[in-house]
Amino acid sequence: DIQLTQSPSSLSASVGDRVTITCRASQSINSYLNWYQQKPGKAPNLLIYAASSLQSGVPSRFSGRGSGTDFTLTISSLQPEDFATYFCQQTYRTPRTFGQGTKLEIK
Amino acid sequence: QVRLQESGPGLVKPSETLSLTCTVSGGTIRSYYWSWIRQPPGKGLEWIGDIYYSGSTNYDPSLKRRVTMSVDTSMNQFSLKLSSVTAADTAVYYCARVGQGATTPFDYWGQGTLVTVSS
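Chains A and B, in that order, are what the protein sequence lines are.
Here the numbering used here is used: position 17 in the first sequence is 17, and no number is missing along the way.
Numbers given in the numbering used here equal positions in the second sequence, counted from 1, plus 107.
The following block holds chain B by itself, in its conformation from the complex (with noise of 0.2 angstroms):
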């Protein structure tokens, strides 16, 4: 069964850069594109961005500026860097597995963890 698990600060002060990173168990990272979704507290789900275990990343243009991610297939994990936070990047952040193939959906996910952005 594979497994996904977030780990990171859940405190960020404004400005700084939230740094997380997910560690997958129980399967292979390779031949997987893996993803970053976060959800502000009540309200719905965004994608953050996806990686390729080659290393190939594909960012949402509104966060574009702001994010970096990577990917360590020795560990198997990947990571997520998001530069400047502010107050709106408050929020559940989630890693999922997109299935085998960029069209296909997130199978399996971590369980989130919660990042809030506060002096």
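Isolated chain A, as found in the complex (with noise of 0.2 angstroms):
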């Protein structure tokens, strides 16, 4: 199975701050790299396919970067709909797997 490890597991920010969080994977999967955001009792939310293209209506302050095994996802300047927990995805094979969350919590 591809692991997917991200860093930090948790994360303290202040409206306004640009913020990154890591996703590395324990063999190369290329681009096959997706970002899903997820809030308190709701479903996640897919922000980011294929390392960087943004999904239809995710704002713009969103961005992803990478390739291979190295991936970020980029919040430009934290809003406050922005607390939340962020997972990422590879489909580069089965099983799909996730890495095992980010909580973006208030400072």
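Please note: incorrect hints may appear among the correct ones.
Derived EDC-like pairs (lysine to aspartate or glutamate); straight-line CA-CA distance at most 20 angstroms [to be verified]:
1. Lys-171/B x Glu-105/A
2. Lys-42/A x Glu-105/A
3. Lys-107/A x Asp-82/A
4. Lys-42/A x Glu-123/B
What the hints contain is simulated information worked out from the structure, not anything from laboratory work.
Fit the two chains together into the complex; they arrive one by one in their own frames, and the hints show the way.
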């Protein structure tokens, strides 16, 4: 199985901050990496697919980069609604696997 | 707008079979892969498996022995059965659509349904 390791596991930040979350794969997954946002009690919501493509309707302050084994999700200027948990997920090979999540909290 | 809705019992006894159905509305079930994903309370996301609209399946190896998925294109539904459940199977269960192509992301999700395994 392909393991995805996110860092950090939790992060405190303020409105307006720029934050970056990292996802590292245990082997190369080309650009088959997606990012989701999950708020408490809700289903995950797709933000970024294929490492860097912004899903329709997602604000442009979200961006993704990377290929191979190292990927990042960046929020350029945190808004109050961005405080949530973020997961990366690979679709290079089954079983489809997720990172363990990064909880973004208000400082 | 595509919508997915999970349905099924919220409480299952240990050793019994968990059964859930996902109803797809606002779009066709054809030409897509459909997945089940679960999330134990306070934990991360676990992929259970996929089913293509044609009926071909792909399961997580750790659950493969206990999982069966099926699809009913006439009803625009797909289903999950998980046998011999234990407390470790307590989770919110989500159904989701994989975009067109096995390497595409989960672009639509159901709201999730909590299934508790307890006597």
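Against the structure, the hints come out as follows:
1. Lys-171/B x Glu-105/A: violated, 36 angstroms
2. Lys-42/A x Glu-105/A: Holds. Lys-42/A to Glu-105/A sits at ~17 angstroms (cutoff 20 angstroms).
3. Lys-107/A x Asp-82/A: holds, 13 angstroms
4. Lys-42/A x Glu-123/B: Answer violated: Lys-42/A to Glu-123/B is near 27 angstroms, above 20 angstroms.
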